[in-house]
Structure formats: structure tokens, C-alpha cells
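Asker: With chain A fixed as given, assemble chain B onto it according to the hints.
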Amino acid sequence: MTAPAQTGAQPQATTPGAARIHAAFARAAQEGRAAFIPFMTAGYPTASAFPAVADALLTQADLLEVGIPYSDPLGDGPTIQRASEQALGGGTSTRHTLQLVKDLRARHDTPIVIMTYVNPIYAVGPREFMRLAQDAGVDGLILPDLPPDQDLEIADLAAEHGIAVTFLIAPTSTPERVKLVAEACTGFLYAVSVTGVTGTREGAALGEVPAMLALARQYARVPVAVGFGVKDAETAHQVAQVADGVVVGSAFINAVQHGQDVGALAASIAEGCRKD
Amino acid sequence: MPLTLPTYPQPDERGRYGRFGGRYVPETLIPALDELEQAYLTAKTDPAYLNELERLHREFVGRPSGLYLAERLTAHAGGAKIYLKREDQNYTGAHKINNCLAQALLAKRMGKQRVVAETGAGQHGVASATAAALLGLDCVVYMGAEDIRRQELNVFRMKLLGAEVRAVTSGTSTLKDATNEAIRDWVTNVRDTFYILGSVVGPHPYPAMVRDFQSVIGEEVKVQLQALEGTPTPDVIVACVGGGSNAIGIFAPYAYLPDGQRPRLIGTEAAGEGVDTGRHAASVAGGRVGVLHGSMMYLLNDAEGQIVPPHSISAGLDYPGIGPEHCLYSDTGLAEYVPVTDAQALEGLQLCTRLEGIIPALESAHAIYHAVELARTMRPEQTIVVNLSGRGDKDVAEVMRLLDLPEGQSSTPSHNLPGHNLPHAPSVTAQQEVQA
Numbered sequence: 112m113t114a115p116a117q118t119g120a121q122p123q124a125t126t127p128g129a130a131r132i133h134a135a136f137a138r139a140a141q142e143g144r145a146a147f148i149p150f151m152t153a154g155y156p157t158a159s160a161f162p163a164v165a166d167a168l169l170t171q172a173d174l175l176e177v178g179i180p181y182s183d184p185l186g187d188g189p190t191i192q193r194a195s196e197q198a199l200g201g202g203t204s205t206r207h208t209l210q211l212v213k214d215l216r217a218r219h220d221t222p223i224v225i226m227t228y229v230n231p232i233y234a235v236g237p238r239e240f241m242r243l244a245q246d247a248g249v250d251g252l253i254l255p256d257l258p259p260d261q262d263l264e265i266a267d268l269a270a271e272h273g274i275a276v277t278f279l280i281a282p283t284s285t286p287e288r289v290k291l292v293a294e295a296c297t298g299f300l301y302a303v304s305v306t307g308v309t310g311t312r313e314g315a316a317l318g319e320v321p322a323m324l325a326l327a328r329q330y331a332r333v334p335v336a337v338g339f340g341v342k343d344a345e346t347a348h349q350v351a352q353v354a355d356g357v358v359v360g361s362a363f364i365n366a367v368q369h370g371q372d373v374g375a376l377a378a379s380i381a382e383g384c385r386k387d
Numbered sequence: 025m026p027l028t029l030p031t032y033p034q035p036d037e038r039g040r041y042g043r044f045g046g047r048y049v050p051e052t053l054i055p056a057l058d059e060l061e062q063a064y065l066t067a068k069t070d071p072a073y074l075n076e077l078e079r080l081h082r083e084f085v086g087r088p089s090g091l092y093l094a095e096r097l098t099a100h101a102g103g104a105k106i107y108l109k110r111e112d113q114n115y116t117g118a119h120k121i122n123n124c125l126a127q128a129l130l131a132k133r134m135g136k137q138r139v140v141a142e143t144g145a146g147q148h149g150v151a152s153a154t155a156a157a158l159l160g161l162d163c164v165v166y167m168g169a170e171d172i173r174r175q176e177l178n179v180f181r182m183k184l185l186g187a188e189v190r191a192v193t194s195g196t197s198t199l200k201d202a203t204n205e206a207i208r209d210w211v212t213n214v215r216d217t218f219y220i221l222g223s224v225v226g227p228h229p230y231p232a233m234v235r236d237f238q239s240v241i242g243e244e245v246k247v248q249l250q251a252l253e254g255t256p257t258p259d260v261i262v263a264c265v266g267g268g269s270n271a272i273g274i275f276a277p278y279a280y281l282p283d284g285q286r287p288r289l290i291g292t293e294a295a296g297e298g299v300d301t302g303r304h305a306a307s308v309a310g311g312r313v314g315v316l317h318g319s320m321m322y323l324l325n326d327a328e329g330q331i332v333p334p335h336s337i338s339a340g341l342d343y344p345g346i347g348p349e350h351c352l353y354s355d356t357g358l359a360e361y362v363p364v365t366d367a368q369a370l371e372g373l374q375l376c377t378r379l380e381g382i383i384p385a386l387e388s389a390h391a392i393y394h395a396v397e398l399a400r401t402m403r404p405e406q407t408i409v410v411n412l413s414g415r416g417d418k419d420v421a422e423v424m425r426l427l428d429l430p431e432g433q434s435s436t437p438s439h440n441l442p443g444h445n446l447p448h449a450p451s452v453t454a455q456q457e458v459q460a
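Chains as they are written, first to last, in my numbering: chain A, 112 to 387; chain B, 25 to 460.
This is chain A alone, in the form it adopts within the complex (with noise of 0.2 Å):
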């Protein structure tokens, strides 16, 4: 395993909301850990038990990562999926996923990023979406389907309302890409592990992912924290050797779907990002 590689440049805060995430990945770094950062749908299993899903997860969590269920997630594999057609059968759509995030900031302190296409956002028109989200205390926004430059003004009207927001890089991503995501990103950068969609995988390995990070902290004023496949305390530890944040979602859909127990699994994964 390779040695703990160093951020390049420190994190320069650009909003309150960057902030409050480069303080989470500093205090996980101080403590020798990678930053966790576990991913729930909103309103999964159900919209009324969503918050305890939450809760177990925010116990353990360096970050929350809340998804925004949508109808046509086409960066997502069938766990991610399965739960925003769920969560939207009962209900759940962009006002609820922000009302929700807002009762869960009354009860944490733990930032809290939205994970949204960007269709949900044009709908509610962006000028507003970034009010809601800033009344509800979001801290940060991923946009998995939104390269930087195809939209400038979102990430101008985040900075307006306080929010970072993270952009994603690939291992099929060139230099010039990485360069350009890497910059733009003011909360932390997300490294996606492989080619592909999310979901857990067997055999997954970091592959690529060293020499890829590598290259994003030559331009990243941000943490790097990378994703997809990650299942399990031993991929978390894997991935926690290269990376100041390790995300874990589909596994935690798998664990509310089969009755498994939240809050143990989290707090295995989150001992798993600890670095040797």
C-alpha cells in the first residue's frame, strides 16, 4: 500500500459552507483518518424513517452525503436507483429532500452535502434551489452530471448562497480535464474510483485511482475524496490509504434494504478509513 499522499495546496474556503467541509476532512486527518463520508437517498426506505437512517449514519460520519431521488439517475447503478424509486413513490422529491436535510441540521452539527442531477435544480430554477438549500443549512452540492464548464452559473450562484460544491473526476479523465474539475471545485474534489456507475463491486481495486490522485492534487485547492465500489471497512481501508475522504453509498441502500443494522455498519466502515 502506498503512503498517505499529502494535499498538495492548503483548502482555501471560499464559503461558509466549504468551510464547515474542510474543517471535517482536517479534523479526520488530525485524528489519522480519512474523512468518512457515507451516502443515503433522501426519503429511503420511507419518508418517515429516512431521519433514523440519517441519524445512524451522522453518529459515525465526517460528512453527510444526501441524494436528491431522481427519475433518471444515469450516473447511478441499480442499488442508487432501486432507492430513489422508492423514495419518489412515497413522495419524496427536491422541497422534501431540502426539508429534510434542514430537520436533520437542527439536530447536527455535521455538514451535510446534496447529491443532485442537475434537472431537479433547472426545475426549481437555480436562483431558488440555492436559497432552499441555504435556508436548509446545506453545505455543499455534488453534481455528477455536470462537468464544470457546462454551467458556470451554478457554481456562482452556490458561492452566493454559501455552498461548496464538488465536481467528480475519472480515471478516463485527461490531464487538461482533471486540471479544469480539480479548480473548480471549492468543497472537496470526488474521485470516481473506475469507469462505471455506482454501486458496490466485487474484487473492486484501486487500479488506477493512485496515479489519478496523484495528478488531481497538482491542481485540487480541495480534499480529495474518492467513491463507487466501496463496500466494506476493508475497501474503506484501502481507499483511506490514498484519499482524505472515502464515500460509501450503495452499500448502506443494501444494508437498509435487507433490515441490517445502520449504525454498526457505519461504524465498521468508519473504523476501516482509518490510516495505517
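Zero decoy hints are in this set.
Between beta-carbon pairs, the in silico distance windows are:
| hint | chain 1 | residue 1 | chain 2 | residue 2 | range |
| --- | --- | --- | --- | --- | --- |
| 1 | B | Phe180 | A | Ser159 | 43 to 49 Å |
| 2 | B | Leu93 | A | Leu263 | 49 to 55 Å |
| 3 | A | Gln329 | B | Thr28 | 43 to 49 Å |
| 4 | A | His369 | B | Arg190 | 22 to 28 Å |
| 5 | A | Asn365 | B | Phe180 | 32 to 38 Å |
| 6 | B | Leu429 | A | Pro237 | 50 to 56 Å |
| 7 | B | Glu405 | A | Gly236 | 48 to 54 Å |
A short, non-exhaustive set of chain B residues, derived as facing chain A with CB atoms under 8 Å:
| hint | residue |
| --- | --- |
| 8 | Pro50 |
| 9 | Glu51 |
| 10 | Ala56 |
| 11 | Ser194 |
| 12 | Gly195 |
| 13 | Lys200 |
| 14 | Val211 |
| 15 | Thr212 |
| 16 | Val214 |
| 17 | Arg215 |
| 18 | Gly314 |
| 19 | Val315 |
| 20 | Asn325 |
| 21 | Gly329 |
| 22 | Ile331 |
By construction, these hints were calculated from the structure, which means they are not laboratory data.
From the three backbone atoms N, C-alpha and C, an ideal C-beta is built for every residue, glycine too.
Answerer: Then chain B, alone, in the frame of chain A:
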């Protein structure tokens, strides 16, 4: 005639048609889209590529397709002359083959051995499987489970051609979900896979590339109409619009002509049971701007951005969005988009079938209906060209289910044909209920 691919003033260098288009896709795909754009721009001026495409058009597809004066339809309408551009004469039965062959040739040039495609009614799937078989490529076609059930014969055709057909059970189990799944496959296997996209939708450069490949339709009309009417430009062109590839193929060669030289361009959208009923696929008339499958366009989506499942009698028009270039045409007035209902399309189908002996695809029947209505209001020396995008073989079973033809009926129909007493369309799926 050596083939040239046209150059148009849209999109801009960022793949935008005004505010529409773009590349709203996972970052994983951006390098692949850059690579595709470069490969396409190179191929577009490479005589080796163009000559091979031209040869396949001529020898394999059977191009040029006819431009046919529909005398009995014209007489029935009692106004402008109605010409049919016979894309139904193409091998595999629709305009789809033009684009599939061109993209499959491009895949081969790029060294990609595997192609994926999405399909609704099956026409694009069959055309993709055909092109893959011809060029020796592995082919996987994603198709909604609901569409697989409705289009059994096309599924078998694809399999016979050597393609693997993967059933999609997510979402509404129809075309939009098949498209999501094809994109997911591409995201996962992007290094060795080429995505053959079937319409003028998706991330840049697809809308531009598919338009250029389909422009052969309009370019042929110019030559053919010149010979028949002494002018390359009709007064009106009508074409059906789902994603909009057959329409853009006949519109684009005319759309950028100066004002006064441009024919009226009319796209017929599937109004299903009526735009007011919510059961339709009319993205311009009944949608709002949004993003789907990598592109900003007019889209059926609700106030919170969830995609609203479309409905049309025609599986090929059953798509919740419309290509970004059409959106620009609509906003700038270069073209008009009018809704045509299921019942009106059935009427168009019967008119064309009984008066001309041509069974059109239900998609094309939307355009035929509107053309006949419009022709009545025009003068006999004026001309309308209808793009007959495909043949109706695939729809015969569905039409048989919907039409209760009287025993022994044989007379030429009046304008009021059976078809207004349609039984209710199949019940909505669970997902549609969820999102209603």
C-alpha cells in the same frame, strides 16, 4: 455522386444550440465525447469514409429513396400537391439505417469492436444490429421490457442478426430507461465501446452528427424536387418528431436558408390522447426546458424536475424530450411544431394506406395527417413534402388491436375514418402512477 456531409451554423463550439444542447453527462464520458467529436470531424472530410458510406447508401440501403407524388392523397385533400419522401423504402424499413451505418463505420474507424444502442419500437435496434452484422461488430441493444413485449418480432430480428437484446426493467421499462441503461453501459465500458445513439438527442456531438448523417434525406429532396417541379424548395415540409432525427434530416438542409427562401418547416409532435390530458409526448407543446440524457431541451418534466413518462400510440415518438436543434428552431421560428393526436395519426395511417397503397409507420402517420389538413388550405400549384420516415409493418398488430374494421369494407374512406372510437390505451405502469 460523391457524398459530402453538410456543414451548418449550429451548434456553437461548445455544442450549444442557443441555450439548448450541451454535455450534461458524468465526467467519465467527457474524454470519450471529445474523442468521438474529433473522429467525426476527421471522417467527415475523409474521402475513404465518405466513399464507403456512399457505396453502402447506394448498394446496401437502396438510396436514393423515392420522392413520390401522392396523387390520390392530393386529390382527397383538394389543395396543394403532396409528395412523400419514401424513407420507408430503405433497407430495414426506416430512416434509422442512414445514421446507424454511418456511426458503425465510424466505430470501426475508431477501432471499437463493440457497439451499444437503445431502442424503443425496435427500428433503431434493428438498424444498429444490421450495421453491426454488416461490419462484424459485437452489438448489445437495450430495450425496455415493456417494449420487448410489444415488439416481439423486432426483438427476434435483432437476435437473428447476432445482437444481444438486454431487457430494461428500471423506471417505466420503455425508451427513456433503455437510453439511461445504454449510457450506463457506455460509462462502464467506454474504452472499447461505441454508443450508436438513434436520434438527434444526447450530449454533443451526437445531435449534430446524427443530423448530418440524416441530412441525406433533405439533400435528396432538393435534387428530386428540382427534377419534378423545377425548384429545389417546396412550400412546406412536414415530418414527425419524437427525438426528431427524421425531421432534422429533412429540415436542416433548408432551415438555414435566408428568410423568404425557406419553406415552412412543420414538425408534428405526438399529442397522444391530447396535450391537455397529460397523456402525450408533445415536448414543445406540453413540456418545459430541462436536461435529459446529456442535453438541455424541451422536456416533459414536473415542477421538481422528475421526468414525466410520455405516451404515444407510436412507440417511436414515445420519448419525453426533443432534440436541441428543434428547440432552437422552435424558439426562433425557423420551424413550427404542432401536436397531432393518436386518433388523428390513425386516421392519417388509414388515409395513406387506402388512397396510396402505402402502410406508413404510425410515427409518419402523424405527419401525413397534418399534411392533408394543411394541403386543403393551400393552392394546387403549391407543394408539400412529407417525410415518410418508415413503413408500418411493425405497427400492424397494434393498429389491428385499435381498429375495428367493418366486415367487407372496401370503399375509399371519407375524411372521417374509423378510429375515433378508440378503446382506451393500455393502463399506465406502476411508475407512471407514482409520478402522475
